[in-house]
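Protein chains: 2
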Amino acid sequence: MSPRYIDAQHAVTDLVEGACKRDGMTEDAKLTAYRESIDNIDAALIHMLAERFKITRAVGEYKAAAGLPPADPEREARQVTRLRRLAADARLDEELAEKFLRFIIEEVIRHHERIQRGQP
Amino acid sequence: MSPRYIDAQHAVTDLVEGACKRDGMTEDAKLTAYRESIDNIDAALIHMLAERFKITRAVGEYKAAAGLPPADPEREARQVTRLRRLAADARLDEELAEKFLRFIIEEVIRHHERIQRGQP
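For the protein sequence lines, the chains are A and B, in the order given. The working numbering puts the first residue of the first sequence at -13, with every later residue one more than the last. The working numbering puts the first residue of the second sequence at -13, with every later residue one more than the last.
Just chain A, with the same shape it has in the complex (with noise of 0.2 Å):
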């Protein structure tokens, strides 16, 4: 762990237990309050997702018209080295953003195969 993502993760907590002893929170309550900036950011994770997948559904209605294989290994080797970059420069695990990238990937392929199979 470099010491940039240690600094950031102390920001995050000093800026929660500063909070706390402001408010005279108990220890429980420091968990709660990490535990809604967490669900606040889940809630605009899944609205981003629902907005990509609108795209990539879109997508794989063109390339089955289209006659384009649903993999795009060229494409996807773009996707992931310029994910590797943003996520080191936000000070996130880029073993962890390129597995998420695949996940999403994995699942758009998923869909795009329903799609040229006709399915719904």
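Do not rely on the hints blindly, as some may be mistaken.
One copy or two, either will do: identical chains are not told apart, so a pair holds if it fits within one copy or between any two.
Here are the simulated SDA-like pairs of lysine to any residue, each with C-alpha atoms no more than 20 Å apart in a straight line [unchecked claim]:
no.	residue 1	residue 2
1	K49	A19
2	K16	R71
3	K16	A74
4	K49	P59
5	K85	M34
6	K85	R96
Derived by calculation from the structure, the hints in this document are not laboratory data.
Take the given structure of chain A and dock chain B to it, following the hints.
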């Protein structure tokens, strides 16, 4: 696939198709336009994930200090129920939302276990 999902996806397709016609784009340019939107969404997802993992790292340190176990099945069950509901509202496949959350939680637990073993 419910009519709601299909309507939402057609709205996106129409949006990109409208922009393509207006700008005199070829079919290849349409695929490029879809991919630019996907790339923007992926950047947003990576940055939200970076924030989420900063907070779960702090939770991991809190749990290690308080002697709490890395996993919390009751909390996970509440998260799954909530995210499935949010996914349904956002017209995202609920199964996919649950698989996504479980992917993230598995990574988080792995991180928490590392922290409890005193590894960075």
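Consistency of the hints with the structure:
In this assembly of identical chains, K49 and A19 lie within 20 Å of each other by CA distance solely across copies; the values are 14 Å between and 45 Å within a copy. Taking the shortest alpha-carbon separations for K16 and R71, neither the intra-copy value of 33 Å nor the inter-copy value of 26 Å comes in at or below 20 Å. In this assembly of identical chains, the alpha carbons of K16 and A74 never lie at most 20 Å apart, being 28 Å within a copy and 30 Å across copies at closest. Only within a single protomer do K49 and P59 lie at most 20 Å apart by alpha-carbon distance; the minimum there is 15 Å, versus 41 Å between protomers.
Within a single copy, K85 and M34 get their C-alpha atoms as close as 18 Å, and across copies as close as 15 Å, so both meet the 20 Å cut-off. Taking the closest pair of Cα atoms, K85 and R96 come within 20 Å of each other both inside a single copy (17 Å) and across two copies (14 Å).
Figure legend: structure checked against the earlier numbered hints; hints not met, in rising order: 2, 3.
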